[in-house]
Amino acid sequence: GQSLEQPSEVTAVEGAIVQINCTYQTSGFYGLSWYQQHDGGAPTFLSYNALDGLEETGRFSSFLSRSDSYGYLLLQELQMKDSASYFCAVKNLYNTDKLIFGTGTRLQVFP
Amino acid sequence: DTEVTQTPKHLVMGMTNKKSLKCEQHMGHRAMYWYKQKAKKPPELMFVYSYEKLSINESVPSRFSPECPNSSLLNLHLHALQPEDSALYLCASKQLKFCKQYFGPGTRLTVT
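Residue numbers (this note's numbering), protein chains in the order written: chain A, 1 to 111; chain B, 1001 to 1112.
You may find that some hints are simply not true.
Just some of the chain B residues that point at chain A, by a computed CB distance under 8 Å [what the hints assert, rightly or not]: (1) Val1048; (2) Ser1050; (3) Ile1056; (4) Pro1083.
In short, the hints are calculated from the structure, not lab data.
None of these values were measured; they are calculated from a predicted model.
Ideal placement from N, C-alpha and C gives every residue a C-beta, glycine not left out.
Sequences are here, hints too, so could you generate the full structure?
Here is the structure:
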């Protein structure tokens, strides 16, 4: 099967840098996505890594190491509005229209 | 238009009621999804429609009945629900062969 593990909670202060890890177990792989979800809101797509390395989008970067079955989301210059839940996700091997979500990490940013 | 809309935003229903959730997108996406999400948990896939045909049913109880009348609309018909079905129901869509899913704001369902 496929499973993705994330830390349940991460805390940080405004202006800091935080890294949210995602460790996955899957016998095949189509890339790693990240979604952000504010309380009461919809998940929104942040990034996608198909290949190893770092993808940067403004204050957010996402990294993938397929050899280590590991990825992370890096958030820089943290703002209060970054307080949210973050989910990594991979495509199901047998039906690529299906996403498997990680367990989710709740990020709390303090002033 | 890069938006998925859902109605209603909130719904309270009794266990004997019949209600429907609606989802709409005008991005030309041919894959549409229903997810159920409990507090502090990831979205849990319920159904996937591809080209208006049901392609995935994640062994969802028959009290949930999906319908895709056309390529822009997705409905979820609810009947004889249980209190444990109370959750946020999310609709999503995407272009086939792409990874990015666009989620609607969800319907917060409470079953009394």
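key: Interface restraint verdict for Ser1050/B against chain A (beta-carbon cut-off 8 Å)   = This interface hint holds because 6 Å falls under the 8 Å limit.
inquiry  = Interface hint check: Val1048/B, Cβ to nearest Cβ on chain A, cutoff 8 Å. Holds or violated?
reply    = With a closest approach of 6 Å, the Val1048/B hint holds.
query = Against chain A, is Ile1056/B within 8 Å by beta-carbon distance?
reply = holds (6 Å)
task = Classify the hint on Pro1083/B as holds or violated, based on whether any CB of chain A lies nearer than 8 Å to its CB.
result = Since chain A brings no Cβ nearer than about 20 Å to Pro1083/B, farther than 8 Å, the hint is violated.
Consistency note: the structure conflicts with earlier hint 4 alone.
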